[in-house]
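A.B. asks: Going down the list, the sequences are from chains X, P and W.
If you count the first sequence from 1, position 157 lands on 157 in the numbering used here, and the numbers rise without skipping.
If you count the second sequence from 1, position 163 lands on 163 in the numbering used here, and the numbers rise without skipping.
If you count the third sequence from 1, position 61 lands on 61 in the numbering used here, and the numbers rise without skipping.
Hints listed in this document are in silico derivations from the structure and should not be mistaken for laboratory results.
Note that the structure is predicted; figures quoted are calculated from it, not measured.
Heads up, a few of these hints could be off.
[Said to hold, decoys possible] Partial list, computed: chain X residues near chain P (C-beta under 10 Å):
| # | residue |
| --- | --- |
| 1 | Leu22 |
| 2 | Met24 |
| 3 | Pro60 |
| 4 | Pro63 |
| 5 | Gly164 |
| 6 | Gly166 |
| 7 | Tyr182 |
| 8 | Val185 |
Yeah, the Cβ is synthetic: ideal placement off N, Cα and C, and Gly gets one too.
Here's the letter readout for the chains.
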Amino acid sequence: MSKWSTFTDGFVKNNPTFVLVLGMCPTLATTTSAINGLEMGLATLFVLVLSNIVISLIAPMVPDKVHIPVYIVVIATFVTVLQFIMQAYTPDAYKTLGLFIPLIVVNCIVLGRAEAFANKHGVLDSLLDGIGVGLGFTVSLTVIGIVREILGSGSVFGWKFIPGDGILAFVMAPGAFLVLGYLMVLFNKYLKRS
Amino acid sequence: MEYIIIIISAIFVNNIVLSQFLGVCPFLGVSNKLSTATGMSGAVCFVITLATLVTYLLNKYLLVPFGLEFLQTIAFILVIASLVQMVEIVLKKISPSLYQALGIFLPLITTNCAVLGVAITVVTKDFTFGAESHMLNLGQAIVYAVATSIGYGLAMVLFAGLREHLALNEVPKSFRGLPIAFITVGILALAFLGFSGIV
Amino acid sequence: MAAKSNLKNMALCLTLVCLVCSAILAVVYAVTYDPIQAAEKKALEESIGRVLPDGGELSDVSTAEFGGQKFDYYVSTADGTPAAYAVKSTTVGFGGPLTLMVGVLPDGTVYNTSVLSHSETPGLGAKCNTDAKFMSQWEGLGPDKVIKVTKDGGDIDAITASTITSRAYSLAVSNAVAFVKSIVKAEEE
Numbered sequence: 001m002s003k004w005s006t007f008t009d010g011f012v013k014n015n016p017t018f019v020l021v022l023g024m025c026p027t028l029a030t031t032t033s034a035i036n037g038l039e040m041g042l043a044t045l046f047v048l049v050l051s052n053i054v055i056s057l058i059a060p061m062v063p064d065k066v067h068i069p070v071y072i073v074v075i076a077t078f079v080t081v082l083q084f085i086m087q088a089y090t091p092d093a094y095k096t097l098g099l100f101i102p103l104i105v106v107n108c109i110v111l112g113r114a115e116a117f118a119n120k121h122g123v124l125d126s127l128l129d130g131i132g133v134g135l136g137f138t139v140s141l142t143v144i145g146i147v148r149e150i151l152g153s154g155s156v157f158g159w160k161f162i163p164g165d166g167i168l169a170f171v172m173a174p175g176a177f178l179v180l181g182y183l184m185v186l187f188n189k190y191l192k193r194s
Numbered sequence: 001m002e003y004i005i006i007i008i009s010a011i012f013v014n015n016i017v018l019s020q021f022l023g024v025c026p027f028l029g030v031s032n033k034l035s036t037a038t039g040m041s042g043a044v045c046f047v048i049t050l051a052t053l054v055t056y057l058l059n060k061y062l063l064v065p066f067g068l069e070f071l072q073t074i075a076f077i078l079v080i081a082s083l084v085q086m087v088e089i090v091l092k093k094i095s096p097s098l099y100q101a102l103g104i105f106l107p108l109i110t111t112n113c114a115v116l117g118v119a120i121t122v123v124t125k126d127f128t129f130g131a132e133s134h135m136l137n138l139g140q141a142i143v144y145a146v147a148t149s150i151g152y153g154l155a156m157v158l159f160a161g162l163r164e165h166l167a168l169n170e171v172p173k174s175f176r177g178l179p180i181a182f183i184t185v186g187i188l189a190l191a192f193l194g195f196s197g198i199v
Numbered sequence: 001m002a003a004k005s006n007l008k009n010m011a012l013c014l015t016l017v018c019l020v021c022s023a024i025l026a027v028v029y030a031v032t033y034d035p036i037q038a039a040e041k042k043a044l045e046e047s048i049g050r051v052l053p054d055g056g057e058l059s060d061v062s063t064a065e066f067g068g069q070k071f072d073y074y075v076s077t078a079d080g081t082p083a084a085y086a087v088k089s090t091t092v093g094f095g096g097p098l099t100l101m102v103g104v105l106p107d108g109t110v111y112n113t114s115v116l117s118h119s120e121t122p123g124l125g126a127k128c129n130t131d132a133k134f135m136s137q138w139e140g141l142g143p144d145k146v147i148k149v150t151k152d153g154g155d156i157d158a159i160t161a162s163t164i165t166s167r168a169y170s171l172a173v174s175n176a177v178a179f180v181k182s183i184v185k186a187e188e189e
């Protein structure tokens with residue numbers, strides 16, 4: 001597998017949201033607007049890249065039976081580091097995303113990539129895989145955020161172009177499920193076959 | 001009175017899956033059949049309650065007094081992971097029949113964000129009771145954990161019932177599998193929206 | 001591939017990883033402690049700055065009890081006399097606690113308000129922090145006005161479909177005004 005395809009697989013073929021359907025909780029909960037989706041995606045990207053790098057380095061030394069707890073501790077460490085950094089430098093984003101920052105620990109994407117990729121590959125490949133999957137996740141979240149923001153508030157990234165209140169349900173919980181469902185339909189119809 | 005508010009709010013108004021989006025992955029994964037759905041709900045209820053009890057005490061008597069709150073995430077996830085392992089071992093020994101019913105779901109629960117989500121919520125968030133709000137005490141935390149998992153079970157059983165019917169219907173090709181499942185959950189969530197505002 | 005597991009290397013590995021990770025976290029915690037405090041202080045100062053008139057010297061935080069509730073407040077002094085008060089006021093909204101910073105002049109006029117934290121529904125009650133029409137009516141709200149939503153016979157236009165949030169907001173402001181009046185009265189005596 002070439003380095004380039006390692007990197008691009010995360011976008012379409014292994015898109016974490018629309019194909020693998022992993023990490024649904026933050027996907028649904030934080031995409032009330034485009035900017036929130038983007039921030040959540042980048043936060044996950046940060047943890048994913050760092051944990052992939054470290055796990056690919058330590059994997060040969062970890063005894064087989066304890067590898068899951070060790071990976072979880074590594075991931076939890078980076079998540080907590082991210083919490084401190086966000087509290088210090090982007091307190092507003094930290095407040096909006098709230099509970100879903102610590103919950104990156106149990107995001108199946110991060111542990112999934114550690115198990116399926118990082119513990120079998122070298123540092124460089126794992127780094128590229130982390131960036132690819134992380135960006136795939138970020139793009140998906142941002143797209144869902146854009147759709148929900150247009151329907152729910154009539155704006156994109158806070159720029160309002162449809163007057164009035166929008167369809168409230170799309171900002172609230174049901175809209176998250178509906179938008180994700182219909183986007184998956186579109187993804188299946190137009191992108192999956194290629 | 002406060003207990004009733006906690007119970008109603010956790011089961012209906014702030015349903016953990018349909019309005020807080022926690023534990024969605026196993027919710028979709030094991031809701032194909034009614035019987036697996038009830039099994040998973042039972043296991044989740046057990047682990048959430050136990051995990052909330054342990055993490056609440058850990059936080060109050062170990063992390064906070066020693067100023068170690070920064071280890072919260074890491075400590076909680078370790079507690080949950082080892083708790084799940086322990087429950088598995090103990091169940092296997094003392095009640096093989098229960099183990100058979102819940103066993104296959106237990107390893108899945110470590111990465112169920114509902115468990116960590118409830119544990120963190122209980123020690124960080126203020127809860128509202130009528131005109132005032134405060135953190136939960138131990139008893140209320142346990143009630144909250146139990147009620148939340150009942151809400152989880154309720155959503156899961158309702159959804160599994162819908163999905164069993166769905167399986168018998170002709171669904172357009174691009175909608176088959178998860179997309180139609182998401183749209184169904186969306187409509188279920190719309191129905192639950194009707195509960196908002198009752199407490 | 002992964003190393004063979006035996007009890008000794010499993011225990012050793014887990015202990016080592018936990019120790020290293022805790023050490024890393026302790027270091028990052030220590031390094032980011034000051035920036036986090038600074039960010040919190042800056043956010044607080046910005047919200048105070050928004051609700052008080054320019055100029056004047058700002059006091060440190062004081063706390064006093066009024067009507068069974070504790071209030072944190074800051075006094076802005078100009079020419080030796082208190083020119084305005086910024087009061088942190090919490091009530092319960094639709095989704096949970098709603099905390100405001102309310103700027104009040106000594107005569108009971110509301111100078112301005114700003115939301116410190118809320119957990120209202122996005123697109124509904126959360127508009128108390130974004131809706132220009134709702135927010136602007138607090139600016140310079142005179143002491144002759146009744147701080148209640150119009151539905152309850154007051155002078156505040158509620159956010160559409162968010163009466164509970166608007167009521168909570170009004171209550172937080174009127175509590176702050178009543179609190180400031182009580183301090184001013186106490187100082188006069």
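A.B. asks: With 10 Å as the cut and Cβ atoms as the points, is X/Val185 at the interface with chain P?
C.D. replies: 5 Å, holds
A.B. asks: Take the shortest C-beta to C-beta distance between X/Gly166 and chain P; is it under 10 Å?
C.D. replies: The hint is violated - X/Gly166 has no Cβ within 10 Å of chain P, the shortest such distance being about 16 Å.
A.B. asks: Is the hint on X/Tyr182 kept, meaning its closest Cβ partner in chain P is under 10 Å away?
C.D. replies: 7 Å, holds
A.B. asks: Answer holds if the nearest beta-carbon of chain P is closer than 10 Å to that of X/Gly164; otherwise answer violated.
C.D. replies: Violated, about 21 Å.
A.B. asks: Would you check whether X/Pro60 satisfies its interface hint, that is, whether its CB is within less than 10 Å of any CB in chain P?
C.D. replies: 23 Å, violated
A.B. asks: Under 10 Å is the threshold here; is the Cβ of X/Leu22 close enough to any Cβ of chain P for the hint to stand?
C.D. replies: 7 Å, holds
A.B. asks: Are X/Met24 and chain P close enough, Cβ to Cβ, to be under 10 Å, as the hint says?
C.D. replies: 4 Å, holds
A.B. asks: Please check whether X/Pro63 passes as an interface residue: C-beta within 10 Å of a C-beta belonging to chain P.
C.D. replies: 16 Å, violated
Of the numbered hints stated above, those contradicted by the structure are hints 3, 4, 5 and 6, listed in ascending order.
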